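Peer 1: Chains as they are written, first to last, in this note's numbering: chain P, 1 to 114; chain V, 1 to 251; chain C, 1 to 604.
To be clear, the hints were calculated from the coordinates, so they are not data collected in a lab. Being a predicted model, the structure only gives us computed values, none of them experimental. Every residue gets a Cβ at the ideal spot worked out from N, C-alpha and C, and that includes glycine. Some clues are possibly wrong.
Pulled from the structure, derived: some chain V residues nowhere near chain P, Cβ distances all over 10 Å [claimed, not checked]:
#: 1; residue: Pro169
#: 2; residue: Ala195
#: 3; residue: Gly196
Cross-link-like lysine to any residue pairs, in silico, SDA-like; alpha carbons within 20 Å at most [to be verified]:
#: 4; chain 1: C; residue 1: Lys408; chain 2: C; residue 2: Val273
#: 5; chain 1: C; residue 1: Lys152; chain 2: C; residue 2: Arg359
#: 6; chain 1: C; residue 1: Lys152; chain 2: C; residue 2: Ala108
#: 7; chain 1: C; residue 1: Lys408; chain 2: C; residue 2: Asp276
#: 8; chain 1: C; residue 1: Lys408; chain 2: C; residue 2: Gly494
#: 9; chain 1: C; residue 1: Lys152; chain 2: P; residue 2: Gly102
#: 10; chain 1: C; residue 1: Lys408; chain 2: C; residue 2: Tyr524
#: 11; chain 1: C; residue 1: Lys408; chain 2: C; residue 2: Ala272
#: 12; chain 1: C; residue 1: Lys152; chain 2: V; residue 2: Phe239
#: 13; chain 1: C; residue 1: Lys152; chain 2: P; residue 2: Leu91
#: 14; chain 1: C; residue 1: Lys152; chain 2: P; residue 2: Ala94
#: 15; chain 1: C; residue 1: Lys408; chain 2: C; residue 2: Tyr531
#: 16; chain 1: C; residue 1: Lys152; chain 2: P; residue 2: Arg99
#: 17; chain 1: C; residue 1: Lys408; chain 2: C; residue 2: Ala526
#: 18; chain 1: C; residue 1: Lys152; chain 2: C; residue 2: Arg358
#: 19; chain 1: C; residue 1: Lys408; chain 2: C; residue 2: Val500
#: 20; chain 1: C; residue 1: Lys408; chain 2: C; residue 2: Pro527
#: 21; chain 1: C; residue 1: Lys408; chain 2: C; residue 2: Glu490
#: 22; chain 1: C; residue 1: Lys408; chain 2: C; residue 2: Thr326
#: 23; chain 1: C; residue 1: Lys152; chain 2: C; residue 2: Trp101
#: 24; chain 1: C; residue 1: Lys152; chain 2: P; residue 2: Phe101
#: 25; chain 1: C; residue 1: Lys152; chain 2: V; residue 2: Gln242
#: 26; chain 1: C; residue 1: Lys408; chain 2: C; residue 2: Val281
#: 27; chain 1: C; residue 1: Lys152; chain 2: P; residue 2: His98
Facing chain P, according to a computed beta carbon distance under 7 Å, are these residues of chain V, among others [to be verified]:
#: 28; residue: Leu31
#: 29; residue: Val47
#: 30; residue: Glu71
#: 31; residue: Val82
#: 32; residue: Leu85
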Amino acid sequence: MSFLPYGVAAWLLLIGLYGIVTSRNLVHLIVCLTVVQSSTYVLLLAIGYRSGGTAPIFADIPSSRRVVDPIVATLTLTDVVVEATVAALLLALAVQAHRRFGTLDPNEMGALRG
Amino acid sequence: MSSRVRYAVFGTGALGLAVLLVWGLAGLPDLGDFAGRYGHVLAHSAVPQRKATSSISVTTFDYRGIDTLIEEFILFTAAVGVMVLLRVQRAEEEVPAEPEAVRRPTARSASLRSLGAALVGPILVLGIYIVVHGHLTPGGGFQGGVILMTALFLIYLAGSHMNLGRLRPLGAMEASEGVGAAGFAVIGLGGVVLAGSYLENFIAPGQVGYLVSGGDLPLLNIAVGLEVMGALLVVLGEFLDQRLLMKKGQA
Amino acid sequence: MDVAPYAVVVPLIAAGVLTGLATQVNRAIAETLALAAAIAVTVFCAILLVRVAAGAEVYWFGGWEPRAGLAIGVSFTVDTFGAGLATLCSVLMVAALVLMWRYRDTDAPHFQTLMLLFLAGMVGFCLSGDLFNMFVFFELMSVAAFALAGYKIDEDEAVEGSLNFAVTNTIGSFLILTGIALVYGRTGVLNLAQISGTLLDGPHDGLVVVAFCLLAAGFFVKAAVVPFHFWLADAYAVAPTPVCLLFAGAMSELGIYAVGRIWFDGFADALAVHADGLRTVLIVAGCLTALVGAVMCVLQDHIKRLLAFATIAYVGVFLIGLGLLTSDGVAGAAVYIVADGLGKAALFGAAGVVQHRRRSVSLQRLRELGPGMAATGVVWVVGALSFAALPPFGTFLGKSLLEDGLVKEGYGWAIAVLIATSALTAGAALRAAGAMFLGWGESGPPPATEEESVPEEEGTPERTPAVLFVPTVVLALGALAVGLVPGLVEAFEGAAEQFVDGSSYTAVVLRGANGPALEAASSYSAPASAYVYSALTFAGALAVAAVGLFGSRVRGSIVARTSDATQAVVAPLRALHSGHIGDYVAWLVAGVALLGGSFAIALQ
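Next up, chain P with everything else stripped away, as it sits in the complex (with noise of 0.2 Å):
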């Protein structure tokens, strides 16, 4: 049961991945790598878990109380906006490229070849 989250991780992993490979428009290829870059969430968040653990917010409890790991939270967080700029920047280039090839499917866009 305790390595339920690390499978979620992986199968997240290796479902996006399956849709990259697969598609046929290129907002789902982006949306795709979303999901392969949300195992890496999964995988973090479940690491820096402690069972009984609560926020570490020392706002309204004792110091001493037990937390969970404050640095998978920073490593997430930095892991989301590098995530998201991605996004952005891929999104922009699927723009162009509806624009210089009339379509958003991988298969008719053949300008590079050999």
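Following the hints, complete the assembly by docking chains V and C onto the known chain P.
Peer 2: Below, chains V and C alone, put in the same frame as chain P:
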């Protein structure tokens, strides 16, 4: 490569990757048994050392502040990148501002417009609250910045936009972005001048639980909030401009 | 005074200021500010390079020194290779900014902002000593690179190339992050030196192997090791030429550097018993990359794709050097990286000149335009000879160091791969020179990729502008200089000793010990066998060029049959490089599985 070959290659690869992942993840400690020294030390040093109650904020902006500086700049890069990638369309289709008479309301429904107008104020205040209290509660510059951006876009939604015109004062948004980004880096220099090391906290920690505590954490949160707000305004504005241009094509 | 943080902070502040005042700055101000910032970074990195010869330096951000043996803050751990690579990146950035001076469509100040952010990302990545901090700088560098690659949005291919680049490299980044998560889950720390000690104490099980595999795979995507390499030719073909110069000369090598850094300073202690197995895997991967890159290079008609595949081929060579896991191999790879980086940059500069004057990068079209442009031709041939690793060039010394290292570890057969790679890439470059500058050769089948004909630079096509030509010549001279400056090779050998010494790295970072100073190795002179191999390579290069230029004139059944045989092998390889993102990702996943499987066998 035909799609069948591609799926075969991917299928085998994915199978191998799955086995690899399960093998690797099996070595992790059981859920809830994480015993990392580093995290434990940081969590329990935040209050004594920086008098700030949110140890996540202290980790983000103080212990690992350089990571956050660069992360902020990654968002900055994306905003500039989106401006660069969507630029020809802007120049090609540049249209002068049209007179007031031709302004069209953005949203068709009157209730949406009034609700939006009513919400701008509260959401703006909420955003500022979250930015400024980042060192005391969950929140901070990144989260608050997104909310501030939402408030400003509500102005667009609730108001009227110029027909086919430009959406917003680009200069002000870029200025907000640039000031926020450079601001964080410059505050770090303050650490060098006044405390001895880049990004070192050079303001006195203050008292636990008060707004003025945590040293330079509130300042850093404000810088990040400005930067995130500006960057997201730029990014979403660029995409909305594209839509306006496409509508012009159809109209 | 500490210099390390300013190498990163100065370009960041400059970028922020440029964007903050975007509506007020004109192009000249933006270009000047960017160039000034890049020169400042070069100076800082050079100062660091000189200082760390006396021992590696550690800079703790935020004043958080280690407490009770636990690293609390983030460190910049600067040793000779880190500082050296950072200096190379900043020098190439200065060259690229000068080349952009006359660029027609520079969206000032946004382009300059992106370049400064790219520089900050690269320099920070080289100097960092913390695993997650490396990842963050890596992302900064990558995001700026995605935007720069897609810069020429008025071309169809630029959009597709940038998309392929962005999707594959993002997947690579998230493989790295998964690896970091696994390492953090086991060790609980993020500082590289601390990880080394903690991994050593813990069990050496599947998690350590898989974490190293994911980290290596992610960095190999950036470095474009086969089969993660498909995106590179697409991206380099479509980026503006000065940006390509940066990508080829600096960005590609960073992936190899990263794998070396995390191996020697992170995982080597824990997995030391299995170093031999890892050596085999890395050398085989390097040979495969070198051969695929070299063969595809010969087949190209588009000049920039030719240079892109040559880049992949040399990444394979660098990986062979790193894969030896000894200081000889690392020193050889380092000398090669610097010399080849400068040589490739010069070739991209020359390609930029050709593009400006002739308005084409397709060999077919350029051949039809007839002979001309002698001065650029000379620079191009100098670059091609640098590929061939001929004696005065730095690449010759790098190659002979690699050959020595390979023989010492019992991998002498890989020397044949080195010779073949150099011969094929140099031959391709010489053939291109013959076609472009002498009009030799015959028209062949139509090019696979659409040629670009939109001029990049301002100015008339009759004259080569000085801002294009001078940096190109300087870079070419640099490639020569690496081989001619006395004592340089010995310094590289000393720096390599420093790089592979993981335990002194840990001592410097965690216990504040003084790092070992650079030792002057005994004077190095290439053995006679190196000259023999070099002669073989040159002969091979001439043969490849001759066949490429004049082969269709020679009739004869043997030639025809060998030609058919090679076509049968080569055509499927070409077909794989289809430009389709789904193909690339499928190969990426298969590659990770393959790498993981090899590591599982080699490292258990």
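Peer 1: Looking back at the hints listed earlier, which ones does the structure fail to meet?
Peer 2: none
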